[in-house]
Each structure stands twice: as C-alpha cells, then as structure tokens.
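Colleague: Start from the sequences and build out the full structure, keeping to the hints where you can.
Heads up: the protein sequence lines correspond to chains A and B, in order.
For the first sequence, my numbering puts the final residue at 125, and the numbers step up evenly by one.
For the second sequence, my numbering puts the final residue at 130, and the numbers step up evenly by one.
Heads up, simulated DSS-like pairs for lysine-lysine below, C-alpha to C-alpha not over 30 angstroms straight-line: (1) A:K53 / A:K27; (2) B:K65 / A:K53; (3) B:K65 / A:K63; (4) B:K62 / A:K90; (5) A:K53 / B:K22; (6) A:K90 / A:K66; (7) A:K90 / B:K65; (8) A:K56 / A:K66.
Pulled from the structure, derived: some chain B residues nowhere near chain A, Cβ distances all over 10 angstroms: (9) F31; (10) N32; (11) V33; (12) G36; (13) F41; (14) T44; (15) S48; (16) E76; (17) G78; (18) Y90; (19) L94; (20) S98; (21) L100.
According to the in silico footprint, chain A covers these stretches of chain B (three or more CB under 8 angstroms from chain A): (22) 54-64; (23) 117-123.
Because the hints were derived from the structure by calculation, they are not lab data.
Small disclaimer: the values here were computed from a predicted structure and weren't measured.
Every residue gets a Cβ at the ideal spot worked out from N, C-alpha and C, and that includes glycine.
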Amino acid sequence: EAGVTQFPSHSVIEKGQTVTLRCDPISGHDNLYWYRRVMGKEIKFLLHFVKESKQDESGMPNNRFLAERTGGTYSTLKVQPAELEDSGVYFCASSQLAFGELFFGEGSRLTVL
Amino acid sequence: RKEVEQDPGPFNVPEGATVAFNCTYSNSASQSFFWYRQDCRKEPKLLMSVYSSGNEDGRFTAQLNRASQYISLLIRDSKLSDSATYLCVVNIGSNYQLIWGAGTKLIIKP
Chain A
13 EAGVTQFPSH SVIEKGQTVT LRCDPISGHD NLYWYRRVMG KEIKFLLHFV
63 KESKQDESGM PNNRFLAERT GGTYSTLKVQ PAELEDSGVY FCASSQLAFG
113 ELFFGEGSRL TVL
Chain B
21 RKEVEQDPGP FNVPEGATVA FNCTYSNSAS QSFFWYRQDC RKEPKLLMSV
71 YSSGNEDGRF TAQLNRASQY ISLLIRDSKL SDSATYLCVV NIGSNYQLIW
121 GAGTKLIIKP
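Modeller: Laid out in structure tokens, this is it:
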C-alpha cells in the first residue's frame with residue numbers, strides 16, 4: 013500500500029514567487045495534517061483537514077498560506093508570495109482515525125532565496 | 021519557555037549500551053504523549069505512544085511522570101540502526117495539534 017506522498021521533494025524559489033506543495037494521503041484516511049519545520053526549530057502544526065473540511069487551521073502563520081483539499085482526497089498548500097522565513101520542510105501526515113497513528117510523508121523542502 | 025523541551029544532544033553511545041532521554045512539557049493539561057523517531061532528511065515515524073502506566077516495546081521502554089511533567093525513553097542493548105533523532109510529542113486537549121520537541125540526536129558507535 014502506498015504511503016503518504018508529497019511533491020515536490022525540494023523547491024527553490026525567489027522571494028515573492030508562489031509555490032504549491034501537494035500531498036496525497038494514504039487512501040481512505042479522512043484526516044490530513046500539514047506541519048512544517050523551520051531550520052533549527054521544532055516541528056509546528058499548521059492545519060488539520062477532516063475530509064474536505066478544515067477542522068483546525070490555527071497554526072497557519074498568516075494569510076500568505078492557503079491550504080485546500082478538494083474532494084477530500086489530495087491536499088495542496090500554496091504560499092503566495094513566499095518570504096525568506098517560509099524556508100523549511102513541510103510535512104504532510106494522514107490518519108484513519110482522528111486520534112490514530114499519524115503517517116508522515118517524506119516532506120517538501122522549500123528554500124526561498 | 022518551550023512547551024516541550026528536550027536535550028538536543030548529540031548523545032554518543034557505544035553499541036550495546038543503554039541510553040535514556042528525558043523530555044519535559046509545560047502544559048499540565050497535556051493528555052497524550054508520544055516518541056517519534058526521525059532519520060536524517062526523512063519523515064518522523066511513530067516509535068511508541070507513552071501510557072500512564074509505562075510501556076515497553078522490545079528494547080524500548082517509555083514512562084510518563086505526570087506529577088513532574090516529564091516523559092522518558094530508555095533504549096537497551098542499543099544498535100547502530102538506533103542512530104536517529106528522537107522527538108518527544110505531546111497532544112493537548114481534544115484536537116490533534118501536536119506539540120513537538122526539537123529532538124534529541126542519538127549516535128550509536130561501533
């Protein structure tokens with residue numbers, strides 16, 4: 013069975029550009045989460061989807077970040093316009109149950125120059 | 021003060037030794053506790069949940085001390101493959117907004 017897949021694995025963009033990260037959760041997992049790890053810091057929660065609905069988006073840093081999960085399948089996280097401090101690794105995770113084990117993707121490394 | 025604090029290490033330990041990490045958390049309302057393992061440039065993977073009564077999984081033992089607000093992870097008979105960063109994770113309340121420690125780096129040497 014395929015795990016959580018994320019694309020791209022690494023993206024290098026210039027400040028002010030737009031980047032869209034994609035996450036495909038494990039099939040059948042209604043719960044999808046975005047986390048990020050900024051260099052030298054701990055992993056931080058961004059938001060939680062249950063199917064296509066945003067259950068909790070309190071971790072989103074500002075309105076330059078937009079997450080969607082159309083149809084309750086894959087999710088995208090768009091950063092527009094990107095700033096230097098957005099550089100880091102963005103992890104997606106999914107779980108079958110709300111408090112079940114989280115399965116993480118390998119992450120999308122974003123570098124903003 | 022960080023919500024979840026860990027000694028960043030690195031802990032350099034000879035193969036076969038026993039090693040223990042502690043992690044402290046600040047929110048007394050924390051309800052669920054976990055240890056995750058992360059290999060270099062890879063995703064975090066759940067190592068084990070931590071239960072109030074303590075729990076063991078093979079060479080790994082996790083314990084929770086709610087009074088002192090810390091959790092521990094003990095690794096016995098360490099293997100080279102145990103080299104990784106160990107992340108302490110806490111869940112507060114009824115959502116799944118996990119609070120992560122920055123991780124403790126473990127290096128097992130032959």
